[in-house]
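Asks: Chains as they are written, first to last, in this note's numbering: chain A, 1 to 316; chain B, 1 to 316.
Each hint should be verified, as a subset may be incorrect.
Given that identical chains are not distinguished, each listed pair holds provided it fits within a single copy or across any two copies.
[Said to hold, decoys possible] Cross-link-like lysine-lysine pairs, in silico, DSS-like; alpha carbons within 27 Å at most:
| # | residue 1 | residue 2 |
| --- | --- | --- |
| 1 | Lys315 | Lys148 |
| 2 | Lys104 | Lys47 |
| 3 | Lys77 | Lys100 |
| 4 | Lys212 | Lys227 |
| 5 | Lys77 | Lys148 |
| 6 | Lys149 | Lys315 |
| 7 | Lys77 | Lys149 |
| 8 | Lys27 | Lys315 |
| 9 | Lys216 | Lys227 |
| 10 | Lys100 | Lys64 |
| 11 | Lys104 | Lys27 |
| 12 | Lys149 | Lys99 |
| 13 | Lys212 | Lys27 |
| 14 | Lys47 | Lys199 |
| 15 | Lys51 | Lys33 |
Don't read these hints as lab results, they were simulated from the structure. Just so you know, these numbers come straight off a predicted model, no measurement behind them.
Number of protein chains: 2
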Amino acid sequence: MYYIGIDLGGTGAKAGIVTEEGSIIAKSSVPTKGLEGYEAVVEAMAKLAIKVVADAGLTLDDIKAVGIGCPGSVDDKNGVVYYSNNIVMENAPICDEMKKYIDKPIYIGNDANCAALGEFFNLGDDSVENFVAITLGTGVGGGVILGKKLYTGFNGVAGELGHINLCFGGESCTCGRKGCWEAYASATALIRDTERAAKANPDSLVASMVAKNGGKANGIIPFEAAKAGDSVGKTLVDNYISYVGEGLVDIINIFQPSIVAIGGGICNQGDNLLIPLREYVIPRTYGAGLVPATEIIIAKLGNDAGIIGAAFLAKK
Amino acid sequence: MYYIGIDLGGTGAKAGIVTEEGSIIAKSSVPTKGLEGYEAVVEAMAKLAIKVVADAGLTLDDIKAVGIGCPGSVDDKNGVVYYSNNIVMENAPICDEMKKYIDKPIYIGNDANCAALGEFFNLGDDSVENFVAITLGTGVGGGVILGKKLYTGFNGVAGELGHINLCFGGESCTCGRKGCWEAYASATALIRDTERAAKANPDSLVASMVAKNGGKANGIIPFEAAKAGDSVGKTLVDNYISYVGEGLVDIINIFQPSIVAIGGGICNQGDNLLIPLREYVIPRTYGAGLVPATEIIIAKLGNDAGIIGAAFLAKK
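The following block holds chain A by itself, in its conformation from the complex (with noise of 0.2 Å):
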């Protein structure tokens, strides 16, 4: 049997089909911008999921159940999203409504959730409990593996990890509040902070690199700066990496999970990120030296997590 795992974004749809063992088959993807209404989108998405299962070679009749990813807060258990911002959906059942198209079981869950839940399934790992993945993006997303299901708390929406405080009274973050970790560890503040050190500094690389780039900075020049020599972007480096480290301590003194993996496009930095955050993070977590530490690496799925995720949604 296959399970059908969509990853609903701000503008479209993917879906694929996912094996047990968590490999895609086929996947396909489809504009959702402009579509009025949840209905709308749920509509496009069903056809998707038709259209990719006959792209496998397969029927309905193989597919076990479907799973739907999807940002903004979502209520798992009735099958509704609460509000999302991206796709302009309030209290929208969309389970119901894929179930006009597609009668099978049908699951929802916050994407974060999704792409943490399908490195948890690519782990393969047996022994591992407990499993936090983070993702550094236009926002940082979070997802909570414990006791190897899925966390959401009593309302479906546990695991917002990128609001938790780093800074208080500091940088605005789009949730309204100040000083969240992700208004400092996502990508988005990185490229704030790199323009605003291009300013600040315009006699240094980092400037005359965004300078380069049409006066835009990127995630990727300031690292390319440092490793270059350029003092700014060193100084960006570093505060960047601990500003991810904090969040990163925070998440294992709650937690204590086995793994942490980190992803995003800044991960493909590497062992440029990953090795000086685990200095940064290990010595500064709770009990550090006297308890078993926590082991921090890089996610692995990429974009696929997403759809893997949604897909073992229905095995949580």
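Got chain A; can you put chain B on it based on the hints?
Replies: Coordinates of chain B only, in the frame set by chain A:
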């Protein structure tokens, strides 16, 4: 059948006989200060436990299990205290040692975790699956109940909620890190801030109250001064509520528990603390107004929470 609950502190141990329903029918205490080595501490606890069994008119045949709440980092699965600053233990096999005196199932847990477990059982509300208790005392302790079970992570030391970030690079914390929630929201921190404010504002009511108290602040002075209209007292209370509140927002965004209970001496302020705290916290949580909200309450068991929770480690 009955349980023995033991609450080990920095200077002494308390033991109680706890019923299946969570009532204490007898309790007693013994000093442990000055005892050298974990063996001597366990011997003192065992003798105390045997005494309190007799005090209750019972014999060991009436006892189902023994639970011990211990400050520090505890490996609950193996019955070992990794280390404890307060009572100088390192890799101490407490459960095996206790079994030499009382041949019953012996359980051990971190003291803040035990207090949380006690408060959870005391709720008596079967609908509550996820619950967090915070103690605002010398430090800030936390305990997390998920799926009706104490959550302790892969190594036993999860739930160190006092050691999450409030203010990046801020006040030094006892754990060696800077800016932890504990360094702002503990009673110790409030006292520090009150003494600083008294020094900086020698004409304030806060300053005169501190002077009358022999130059030492306490956790009551700022609240009393604020009630009397003193602006320095009011600022201290407002700041303290924002410090405690920011950490509670974090905890809600992470766990979305049905209930968060706050305890510790500061909570004797009752509604003076609870009402502004709720007003601060709830609108700042992720998805406020759109998703069901966590309830914030004041813990009810006071000093007995540790004994009752330790006894109920066997029920976890």
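Asks: All hints, please: hold or fail.
Replies: Hint check:
1. Lys315 / Lys148: Both: 10 Å inside a copy, 22 Å across copies.
2. Lys104 / Lys47: Classified as within: same-chain Cα gap 15 Å, cross-chain 62 Å, threshold 27 Å.
3. Lys77 / Lys100: Only inside one copy: Lys77 and Lys100 sit 19 Å apart there, 48 Å across copies, limit 27 Å.
4. Lys212 / Lys227: Classified as within; 18 Å inside a copy, 60 Å across copies.
5. Lys77 / Lys148: both (18 Å within a copy, 18 Å between copies)
6. Lys149 / Lys315: both (9 Å within a copy, 22 Å between copies)
7. Lys77 / Lys149: Result: close both inside a copy and across copies, 14 Å intra and 20 Å inter.
8. Lys27 / Lys315: within (20 Å within a copy, 47 Å between copies)
9. Lys216 / Lys227: within (20 Å within a copy, 52 Å between copies)
10. Lys100 / Lys64: within (16 Å within a copy, 54 Å between copies)
11. Lys104 / Lys27: So Lys104 and Lys27 pass the 27 Å test inside one copy only (19 Å; across, 57 Å).
12. Lys149 / Lys99: within (24 Å within a copy, 34 Å between copies)
13. Lys212 / Lys27: Neither way: Lys212 and Lys27 sit 37 Å apart in one copy and 74 Å across, limit 27 Å.
14. Lys47 / Lys199: neither (48 Å within a copy, 70 Å between copies)
15. Lys51 / Lys33: Within one copy only: 19 Å inside a chain, 72 Å across chains, cut-off 27 Å.
Hint compliance for this structure: hints 13, 14 are not met, and every other hint is.
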